[in-house]
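Protein chains in written order, with our numbering: chain C, 1 to 395; chain S, 1 to 261.
In case anyone wonders, no lab produced these hints; they're calculated from the structure.
Hints may contain errors.
Stated by the list, open to error - In the SDA-like style, the derived pairs of lysine to any residue whose C-alpha atoms are separated by at most 25 Å in a straight line are: (1) C:231 x S:231; (2) C:292 x S:246; (3) C:333 x S:260; (4) S:107 x S:202; (5) C:246 x C:153; (6) C:25 x C:6.
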Amino acid sequence: MVKVDIELCTGCGVCEEACPFGAIKIQDDVASIDERCNLCGACVDVCSFEAISTQGLRKTGGEGNDHKGIWVFAEQRNGKIASVVLELLGEGRKLADKLGVDLSAVFFGDSVEMQTNELISYGADKVYVADAPILRDFNDEIYSKVLVDLINEYKPEIVLSGATAVGRSFIPEVSARLETGLTADCTALDIDTERRILLQTRPAFGGNIMATIICPDERPQMATVRHKVMKKAIYDTNRKGEVIKKNINGYGVNLRTKVLEVVEEIGETVNIAEADVIVSGGRGLQEPKNFKLIEELAKILGGAVGASRGAVDAGWIPYSHQVGQTGKTVCPKLYIACGISGAVQHLVGMQSSDVIVAINIDKDAPIFDVATFGIAGDVFEVVPALIKRFNEIRG
Amino acid sequence: MNIVVCIKQVPETTSVKISKDTNTLMREGVKSIINPFDMYAIEEGLRIKERFGGRISAVSMGPPQAEEALREAVSYGVDDAFLLSDRAFAGADTLATSRTLAKGIKKIGSFDLIICGKQAIDGDTAQVGPGIAEKLDIPFVAFVRKIREIGNHSIKVERMMDDGYDVMEITLPSLITVVKEINEPRMPSLRGKMKAKSIDIPTWGLADLEIGEDKVGLKGSATQVIKVFTPKRGGRREMLEGSVETQVGLLINRLNDLKVV
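The whole structure should be built from the sequences, with the hints applied where relevant.
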């Protein structure tokens, strides 16, 4: 439990403000903590009087263990390696060098020799490969079984995966079966080299707060990592690596999960989770046909089309484009919000974008609070003018 | 068809504001709601029950006040509700939460399908659904946007992927997590509201769940939060003034300077 030393507490209230869970109240000039406490320790850090402590409950000291090495789950879809994998290999290399261990990729698929070489060129010292027709499509059950067995056999200390639909679907099953920790959707990773602990930072409450999380005792330490936050590994065909083949005979027997069909839907419009540029439209567009303007601007910029919940609920554009709390969380280099007022539920899905441009008729719209650049104006004048200028520039 | 729906009580983020002075969350007067994704789980459960009969139970792990969320679930038409609450459960990460909920679901009785929301809006992990499936050793599909068919021994569903969807078939009993696209939740019925007021909601603690104290709450958690901080924001808000031509010109210059186009 978190304890307050009433002798030391001055009732200053700093902890009350710092608590992300609203669990602290100052009563009779002393901080009191209720059952909403999540034991995160935010209050301990901010207290200037050392009046709050969390001692007594937490297991301490990692046991010496023989887990070594960093693994990246190299997700593929239709044989193509996901872009986040290359970013993870870039980041994984740094972490591996800090720890003085190998960086390995784990690759499941069908006829995968070419991709295996690619992973080595991107910096994997070893590639663990499971190659079989049954692994072509993403089947949680068999993917989990194979990955769990590989981890138990080779004992890596860290396993990373993209925070993609695939990674966020089956990696939690893998970590639960291994009885180890998993941190979702990380945006920064680092190593405490002394304790060989992975420092995993992720947004919570829709990006309103950030938390750094560790897995002190269990191994491997596991994390899923967002797209576009790590730097891609450098490609070098001179690199050499070792390929370790996993025999998966028997794994396909008595499966309870079947993939019947894989349908690519988004096609030529870019997937918003991976896009560098997103142009989003909201209810300010007034009519579904006006989304054409958004599509045109997105096309010129090589970007994807996003939408607010309002536009999706009105049926103007499919749900797969929805940005925000009940849609997707995105963090492109450039996010252009057109006719979106900026309800909190939308802001939490896009406020981590590098540069945000807001175009809205209402100069007091909350979207301008998170915007890097704002234009208070009519979407139907500003967006066509932008399209025209970009077209002129690009000839 | 017996269905269990897992729900979480979360703060309603619409009313969470960031203090301009301290740049921290202002949580005063924040209302608690059922996690929005769980509303789709409840609705889907009700729709299946309407077609196939059976019982639908809601379960939640949380502090005593999470009972309100369970009562609300009953008002929509859920038959019974169970609260897993104990000081020992506090501080649980997704692993410890999955174990606790799995034990609670076992205690409720036999089930054919467990439905969870894709993720909770306060933690955004999307890890507890798959974790429960693992702890119960049943198959699961995450991010379900449509149930195509329900058979005696299996279900066919569409799973939303980043670039489209997969059609999956899993045997029953199993677990699915659902996305918003799957349905439109109903309003509570008058009868449901009456029932919600009077229903007895059992609270099960550590002693009721056949689970060790070292498997739940903070003690049973593999992960630990060591730091919480507010993110740095760009904070370079600049309103571009002038005629539309001028505004657009300025914007393109700024974007060029930042090398984002």
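Cross-check of the supplied hints:
{"no.": "1", "hint": "C:231 x S:231", "in the structure": "20 Å, holds"}
{"no.": "2", "hint": "C:292 x S:246", "in the structure": "24 Å, holds"}
{"no.": "3", "hint": "C:333 x S:260", "in the structure": "6 Å, holds"}
{"no.": "4", "hint": "S:107 x S:202", "in the structure": "12 Å, holds"}
{"no.": "5", "hint": "C:246 x C:153", "in the structure": "11 Å, holds"}
{"no.": "6", "hint": "C:25 x C:6", "in the structure": "14 Å, holds"}
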